[in-house]
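Each chain, written out:
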Amino acid sequence: MQENNFICTACPMGCKLIVRMQDGEVVKVVGNRCRRGETYGRQEAIAPQRMVASTVRISGGLHPLLPVYTKGSVPKRRIGEVLAAIRAARVSAPVKAGQVILANVIGTGVDVIASRDMPEYSKSSPENSKHP
Amino acid sequence: MKNSTYDFIIIGAGVVGSMIARWLSRYQADILLIDKEADIGMGATAANSAIVHPGYDPQPGSLKALTNVRANPMWDQLSAELNFAFQRPGDFVVAIGEQELPILDTLYQQGVKNGVPGMKIISAAEMLEREPLINPEVSGALWASTGGICDPFQVTVAAAENAVLNGAEVLLETEFLDFLMEGSRVVGVRTNRGDFFARWVINAAGIYADAVMHKAGVRPEFVIKPRRGEYFVLDSADIRTRNIYFPVPTEKGKGILVTNTVHGNTIIGPNANIIDDKEDTSCTRDGLEEISQGARKLIPSIRLRTVIGTFAGLRPMGNARSQNPAIDYGNDFVIEIPQSVQGLPAIAEMVVDLLKDAGEKLVEKKGWDPIRPARPRFRTMSHAQRQALCAADPAYGRVICRCENVTEGEIVREIHAPIPATTYDAIKRRTWLGTGRCQGGFDMSRVVTILSRELGISLLEVTKRGGGSEFLFRQTKDKEAQDAA
Amino acid sequence: MQHKEIYDVVVIGAGPGGLAAAIEAKKAGARDVLVIERDVELGGILLQCIHNGFGLQTFKEDLPGPEYAQRFINEARAVGVEFLLDTMVMDLTPQRRLHLSSRQYGYFTLDARAVVLAMGCRERTRAQIRIPGMRPNGVFTAGTAQRWVNVEGYMPGKNFVILGSGDIGMIMARRLTFEGAKVSRVLEIQSYLSGLSRNYVQCLQDWDIPLQLQHTIKRVIGKNRVEAVETVAVDDHWNFVPGSEEIIPCDTLLLSVGLIPENELSKKAGVMLDPVTSGPFVDERFQTSVPGIFAAGNVVHVYDLVDYVSVAGNTAGTHAARYALDESEVEADYVPLKAGKNVRYVVPHKLDRNALEAGDVQLQLRVTQPIEEDVWLEVRSESASIVRRSERYARPGEMVTILLKPGMAEAVRKAESLTVDVYPKAEA
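Chains as they are written, first to last, in my numbering: chain A, 1 to 132; chain B, 1 to 485; chain C, 1 to 428.
Derived by calculation from the structure, the hints in this document are not laboratory data.
Accuracy of the hints is not assured; some may be wrong.
Stated by the list, open to error - If the Cβ cut is set under 8 Å, some of the chain B residues that face chain C in the computed set are:
(1) T380
(2) H383
(3) R386
(4) P394
Just so you know, even glycine gets a beta-carbon here, dropped at the ideal spot from N, CA and C.
Please put together the full structure from these sequences, using the hints given.
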């Protein structure tokens, strides 16, 4: 029997999980206070997943960067590739929150979407005092 | 640059060099003021107690006593002409416990000898009435009504700008490398920006005045050591003392004082440690402990949680004849050793006297303007004044520093002032932006953006205080830098 | 936007607390609600918090900060909240007159029947923790660096050391790593993590960034730009451990050493502040000591979850609207709430004796010392225990709550004061 110790990140409570494994299979998760903890423990022991948040370059917007995130979790070991794809991306303002920026990023089946509206930089908006 | 030949070149644009430039600018002469830093007043000028002393402290007969007492009354006119903040709250030497009481009388007698007006020994009760925060164990105090406070950096800016408005030139990031000599006579200076010729060179290099002097082959045994003093700045929202309070002096010096500043904060310090490195303005843990203990001797309610800033300054300490700061060498240049700002106008006046004694015919310039116009300071204005200012220029409506209420209009004016402020610190020290509770956390990125826009440079080129102190390294998404990393 | 002379409710700050307050004030019937924001856009600090982890309670979704803000911005617009952007409140009087400064509108005043303070908090700085050494460029608060990296699009360093294990510090450690910078280590003077443990897992552990507990900076080295820091281990009383010094080369030192509610404006309005939280004394409606001036979110005390900030904003906004619509309400009779055993503070500071008749009241508190075993959270009067509930642990970094319910109304009404304790079950 092999034991893995994790801190659950499914919510801010941070339960200390012990995941008991045998032959690469999860036998039991203890220390969790809810079912999400059990799911997290199982996943973490076999194939850890993470959401990824970063920024992409945007032209013509109020700011030079648009914050984006993966709509779901991606395999932890592929985060580097996800970041590279995000870094290579370029979009133009305006963008709406939730708009897909990269569909099915690097074949993970997960979309990278915009985290906010990014209005066009406009002289008539109150925001124009950023660029007087 | 208009020319490379001047009547006077002043090395060092600290408070002394700038004041000398301003004094000389009233005469028909070409003046060049040079400094190695990206701004004026970057040395001893910027970090000291900011007090204009009445003159009871220096030894009777010393040049320091003379300049103190001679300069003190000049400050009112000077501040009116140059439009810098100056207040004369008077200062107190506070005796704690009966054993310190006799020292007050010694100081009083010394003051009388030095010719200090307006002194009085007051009772403990009167001291507590004037400042309820003082240690209740106070036994009495010496009150000197002529004690004053200023911001020495702003005095320097005002003086140097006034000199520029009257025709003087200022070259920054211009480092003195050597003298140009003709035989035994100094005819100019060699700098990193080339050679400049002059009939007179005035050494106002502060802590480096010894090194400059040695380049002329004079008095190699004369060495200046930095004496480091550390300070705390307290949040004006938490504590506001009313005056300047010194402990009784000891053989180590004037001791750790508590004073209000013209910006409304209270500062405490300094300690005094002779060090070797002329660039080492670091604060130490022990020093800060020493200061808080020293300050609590005078005002026990001072708490470290109200500290919003720490800084350390280096005072030049000469190893010879330090009581006689004006030394004349073959009439080629004057060496000045500032102890602090107190004797300042008198020192400038003395330089002029020395030049005259040496046979220089100084002819007053027609149209010399003693006034350096003030620029608007949003935070000290009434609501009505602010309204008028914003109506005239909308940039004054945009507040960039929320703690000290400094506006974009003020920042832009400083960037395009007679001596342009081209770094973050240059703006900070002129406007007092970034000195409050958040210490620039809010304004910093905005000021960097404004500097970049107004100077026409990239954000990557904006510095805190000159080359090597950049804020930013690359764009977040800069691919090449990313790959390199 | 053309502004009016007087508003029912004026909210100062368009972060999560302010937006929630404005929306609820409008929903509670306030005729006109104005939000004043000093930045050029709505959302506050959430806009630079691009990482996920927001909204698990409010939306049952794991959202990044900007998306969380966007939902409130959209709702505020939909319900007809008005906005003044790029405008700074310079002064606020106890009579609720505001003096404002703006590039677009100049310097002007307006009045409010009720005000909600929602200025948020600011970061503690180097000076406040008095880090010795030189003062070169390159010592920034984590939030300042976050704005540069995520919003302005620039990197303020290549090689970082982070002091303080607060959430922003850990999140920046990961963020900087994602953008190709090196983060050598995170130092924490306490013997425990000051941020959330999930941030430790996802931000430090995942990326092999070492965390050194009971370590701090002894000295900053470098004249123009940071060249290195000297680190040192500390004992339980924060004394340096001799011989443990280490010189760590770096060009940037980020500070994540705590947040302080931003209350300069509150002071101008004569609002009384609690020296422990640095925020206003408030009742259960989040009304301050000045009638008609309410406070919501991090301006009251520093929360670790934005979801709680929004809830606080809701409460403050609702009551601000009620105050604006009926200023004639009677002076409340209050029961004080006191921090008892191992409790650093409790918010609200006092409770209307009859508050529970109108519904539940949530008490929010932080403990003084960590307890890593089962604990009781207990509210008691002088004579009796009113409610207690258990938790598996109590940590200073994580706010805890206890709910007072209408069933406890009688006990509360009779109490002189209420005290909250947090203690190990084993001690009970």
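Here's how the hints hold up against the structure:
1. Annotation: B:T380 was flagged as interfacial toward chain C, and the flag is violated, the nearest CB pair being 13 Å apart, outside 8 Å.
2. Checking B:H383 against chain C: minimum C-beta separation of about 6 Å stays under 8 Å; hint holds.
3. Taken as an interface hint, B:R386 checks out: its beta carbon lies about 4 Å from the nearest beta carbon of chain C, inside 8 Å.
4. Below 8 Å, beta-carbon pairs count as interface contacts, and B:P394 has one with chain C at about 5 Å; its hint therefore holds.
Consistency note: the structure conflicts with earlier hint 1 alone.
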